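There are 2 protein chains.
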Amino acid sequence: MITKRITFSTTTELKKSLFRPTFKTEDLLNKIAEIYNAIVEFGDAKLIEYTKKFDGVSLNSSEIELDLATTVATIDPLLEKAIKVAYENIYNFHKAQIKEDLTLETQPGVTCYRKSKAIEKVGLYIPGGSAPLFSTVLMLAIPAKIAGCKEVILCTPPNKNGEIHPAIIFTAKLCGIKKIYKAGGAQAICAMAVGTQTIPKVYKIFGPGNQYVTAAKQYVSLMGVGIDLPAGPSELMVVANSNRNPAFIAADLLSQAEHGTDSQVVIVSDSITLLNEINLEIGLQLNSLPRKDIAEKALSYAVEIIVKNDDEAIEVINEYAPEHLILMVNNENKYIENINNAGSIFIGDYTPESAGDYASGTNHTLPTSGFAKQYSGVSLDSFIKNITYQKITKEGLKDLGVHIEIMAENEGLMAHKNAVSFRLESLKKEVDL
Amino acid sequence: MITKRITFSTTTELKKSLFRPTFKTEDLLNKIAEIYNAIVEFGDAKLIEYTKKFDGVSLNSSEIELDLATTVATIDPLLEKAIKVAYENIYNFHKAQIKEDLTLETQPGVTCYRKSKAIEKVGLYIPGGSAPLFSTVLMLAIPAKIAGCKEVILCTPPNKNGEIHPAIIFTAKLCGIKKIYKAGGAQAICAMAVGTQTIPKVYKIFGPGNQYVTAAKQYVSLMGVGIDLPAGPSELMVVANSNRNPAFIAADLLSQAEHGTDSQVVIVSDSITLLNEINLEIGLQLNSLPRKDIAEKALSYAVEIIVKNDDEAIEVINEYAPEHLILMVNNENKYIENINNAGSIFIGDYTPESAGDYASGTNHTLPTSGFAKQYSGVSLDSFIKNITYQKITKEGLKDLGVHIEIMAENEGLMAHKNAVSFRLESLKKEVDL
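Those protein sequence lines, which keep their order, are chains B and H. All residue numbers for the first sequence refer to this note's numbering, where the first residue is 6 and numbers rise by one. All residue numbers for the second sequence refer to this note's numbering, where the first residue is 6 and numbers rise by one.
Worth flagging that the hints you see were computed from the coordinates, not collected in a lab. Take these hints with a grain of salt, some might be off.
Note that the list lumps identical chains together, so a pair holds whenever it fits in one copy or between two copies.
[Stated by the list, open to error] BS3-like mimics (lysine-lysine), calculated; alpha carbons at most 30 Å apart, straight line:
(1) 104 - 126
(2) 122 - 297
(3) 120 - 20
(4) 302 - 339
(5) 313 - 206
(6) 9 - 178
(7) 120 - 165
(8) 313 - 155
(9) 434 - 36
(10) 155 - 104
(11) 150 - 104
(12) 120 - 100
(13) 150 - 122
(14) 51 - 313
(15) 120 - 150
(16) 122 - 100
(17) 58 - 399
(18) 339 - 100
(19) 339 - 104
(20) 434 - 206
(21) 155 - 120
(22) 9 - 206
(23) 155 - 433
(24) 126 - 297
(25) 21 - 126
As the structure is a prediction and not an experimental result, all values here were calculated from the model.
Can you make the complete structure from the sequences, with help from the hints?
As structure tokens, this is what we get:
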């Protein structure tokens, strides 16, 4: 049950009530530096040592790599079908994100271009733990495949028997991944960042993980390796008007709460009656959940916010910038138009967050901790980069050159000016001939 | 003159010869943490203290903010004209980068959307120093304006008299910026990241700077504030075939070398004759440069690479991933098709880097240090973020729901399953009625 209920007042007060636990990865950076340096120096040997220490599995160096070309994975046919349906939807929504090359003649004889190129080498991290997160394999490997990344590797910790779950293997193969590396935690991130005898070095690293994985991603980003997003605990905000189904909303809130004890759950409504009904429903639904204890703990930090109207609700949303936002509201369009800060938005009574988590087509790797104010979720763009090009004709430089010369001179950069002047002089001589 | 000449052999050897000085900002992070914490605690008071200490100027708190609505800036009419021409070209090329909203019905009744939203609050940093970098104001403020960022602020250190250069003020006003804050260095970055009594907190920070500014940007990025790019010293690689004009190439190399003693300059050619001619030209042009000493020092680290053919040259380019690349080659299209890693590419004899630095239309804020392997330069995209949306109809959930249920169950997340199951049960009851 959610015990913290507040009424919308001022933004300052709101900020205080919606305060998220800060994610102090800086404190971990020294520990990560140690792991990083050890991997740089000793490569596989150290990786094997960490895998023994943290995952409790002894691997020899030839067992780190799993070649998917020669690996068979059998899974329940119903799960296989579900993964394939999800694959299609995610593939199609990300395929639609391909952008055309851009060409523009900005002035006569001055043509600027932009082309997208895939990041050649990317590393995907899939955490271990109680269940196989094959859905995250879909969310990362599908856009990597569409982008055309040449080398897509996947690191995930092995189970106690040194094995990878068949659902992970099945999904990775489906997405065209050729190699899985049995490595987890900060050591896996460091290994992908610098390369070992077995694990190739990559240019960008994607995927969720615990605080060590997150800190390792931050650390390697300081070293120039790209990362998808800074990560914090997962979040759901639901905004609902009075006439909505409390059982649906309670189920959605619980689906967020079961992720982890640090999951962030917020419900915003103009109806105290609805809030009370939701709490009743939570009580009814909670008991049958296998992850009841986790959900209960997460809910003890959850917040209910009572608003008077849509404007207040929208202000709450934009201030909080939720990772996931479910809108069960009457004026949908007003919300969609005025919400600036959110990761992914689920509209209407029949659009649970679960749909986007698994199978509708959108990506589930999204900005948490309010980072939706400045970050997008993972998309096709996360796997490409753009190169700009320009080509200037003689005539084009004759027109533009003088302006470049003046600007360079005023910035005190005479060699920049000369690069134009020598060319203009040479063109003048051509005319004189 | 460039004294280091190597012949293309293996990638491993190449990597060694093209080794860039590593940028050890980690060592500075403790110093930055001190500045950051001081700004958090004392705000303007500490900012004023740092400005006195590092910039040698005493400001009182009412002098930090420069309101451009009431500030007049007069500059040379020729410079004014040049800045306006550059403004138009940069505006048009970035305006062309606007992307359409995306809508796709991934399966019947399941509709996924994507919309771009401007980052609401952005901070631009313009370094001080010997000359006013108004070109960087254009490169950052124009895409911010096109994106529709609500609050665009600019920090730049004042001169010894506490003033901002009129060319900076003129350009900022032209780009619609309303407030300039007189603050520089790491303290300006920290002030924009956390906000002070005078300087507003922003969500993302852009702009070049020295190693302290760079370290401060890295530090605040660990705190969740967005930054444009990790930055290192500027770079130029020129690839030229034998028949090209050595004076043009020498001028281009010098334009890079004059930036700073740590500027990276690389020339790749299949012609030893051309390389010798370029060196002669460098000797001739160098003496007349006001920044001769800087350029000479930078050139002492420069490298010439002799290649046998286009394939070797392309391998060198992709391995080095230059910030700027000038191509004076016969098989332009082969290069353009096969280059994956570069920031911005200048094609042909009449396309000096200076054109893109100032006025052609492309952005000059580009990935250095090999980061072009995974980062794009600044573009309109840098000032927006995408929100994804989905709306599922009753019929849509009936089709997709079962697959979500199976996937959730297999990931051990029963509340995720329930969020679908409760809805499907409710729909079943509707039919039964």
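Quiz item: Among all the numbered hints in the text so far, which are the ones the structure does not match?
Solution: 2, 4, 6, 7, 9, 14, 17, 20, 23, 24
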